[in-house]
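In order, the protein sequences belong to chains V and G.
Letter by letter, the first sequence follows residues 1 to 175 of my numbering.
Letter by letter, the second sequence follows residues 1 to 125 of my numbering.
FYI, nobody ran anything at the bench for these hints, they're computed from the structure.
Worth double-checking, as some hints may not be accurate.
[Stated by the list, open to error] Label-pair restraints from in silico Cβ distances:
1. D20(V) with D19(G): 37 to 45 Å
2. S55(G) with S48(V): 16 to 24 Å
3. C108(V) with E35(G): 53 to 61 Å
Please read all numbers here as calculations on a predicted model, not as lab measurements.
All residues carry an ideal CB built from backbone N, CA and C; glycine is no exception.
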Amino acid sequence: MGGTSPCASCKLLRRRCAKDCIFAPYFPSDDPHKFAIVHKVFGASNVSKMLQELPIHQRGDAVSSLVYEANARVRDPVYGCVGAISFLQNQVSNLQMQLAVAQAEILCIQMQQEPVAATLPASQMLDHHQYQDHDQKSLLLSNSHDFNNIPQYFSSFGSSSNVIQDPLKRESLWT
Amino acid sequence: MVNVRCATCKYLRRRCPSDCIFSPYFPSNNPQRFESVHRIYGASNVAKMLEQLPSSLRPQAAETLCYEAESRIQDPVYGCAAIIFQLQQQLHNTECELAKTRAEIAIIRSNGHGQESDIYSADEY
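Turn these sequences into a full structure, and let the hints steer you where they fit.
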């Protein structure tokens, strides 16, 4: 007959791990680093308060996101997660521009392949197509920029360290 | 000349020294800013984080800490990780859309060549 092993939090904090310890379900003793990093950035008492304010079924996700943010902050002490947000916003913008260009290219090709109207004089036909082309292109461009609702607060922020070039492919959001 | 305490020292009810690490980033006219950061990180953790950085980088660090703290207050479960997740999704969707569009371009181009030869062959019948 032996007692249950204290969770990682209580081990680090050197205290008795109560049966209803709020940390125990999320910080098992076999992963001490997980709590250590969250404690370093947020502090155990702040984490405890945050978890207590949440319903039990949301605490797991909250811990995962706190661990993610803490890791980001330790890797990049200046920009933390915001560095990743800024990086992703730039990536999305670049891709959206490329998409707009590709969609405009489709229009151009389709215009070129349209049968020539016999009744219109050549000069008028050219103006007509250019007008349509411009309208459709601008419509496409405005539609293709499916700009997110996320404000571009930090578009000029970069990363303070060379480590975060591609921060998110290395780890999944949830452990 | 009376020294105005920064938002941090006002909140913590202490004297604000001339070399207070918080005062450049948490002015007294915006108490909410410090309260958010204190609620999520705690004043001593923020001080430790700022102290570990060269002073030239501290304004950005304070700004991003405030941003993350506000995000966490607004979304206590996911914080700013939710924004990252949304952006990852958007990136993925846009990549797929771009790949699809480029494939369409390739098909249209190849059909354009194909159609010309079909027209000629139809004329023969």
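Hints, one by one, checked against the model:
D20(V) and D19(G) have their C-beta atoms about 44 Å apart, which keeps the hinted 37 to 45 Å range intact. One distance hint, 16 to 24 Å for the beta-carbon pair S55(G) and S48(V), is violated here, with the actual separation near 33 Å. Distance hint for C108(V) and E35(G): a CB-CB separation of about 55 Å, consistent with the stated range 53 to 61 Å.
The structure fails to meet hint 2 from the earlier list, while all remaining hints are met.
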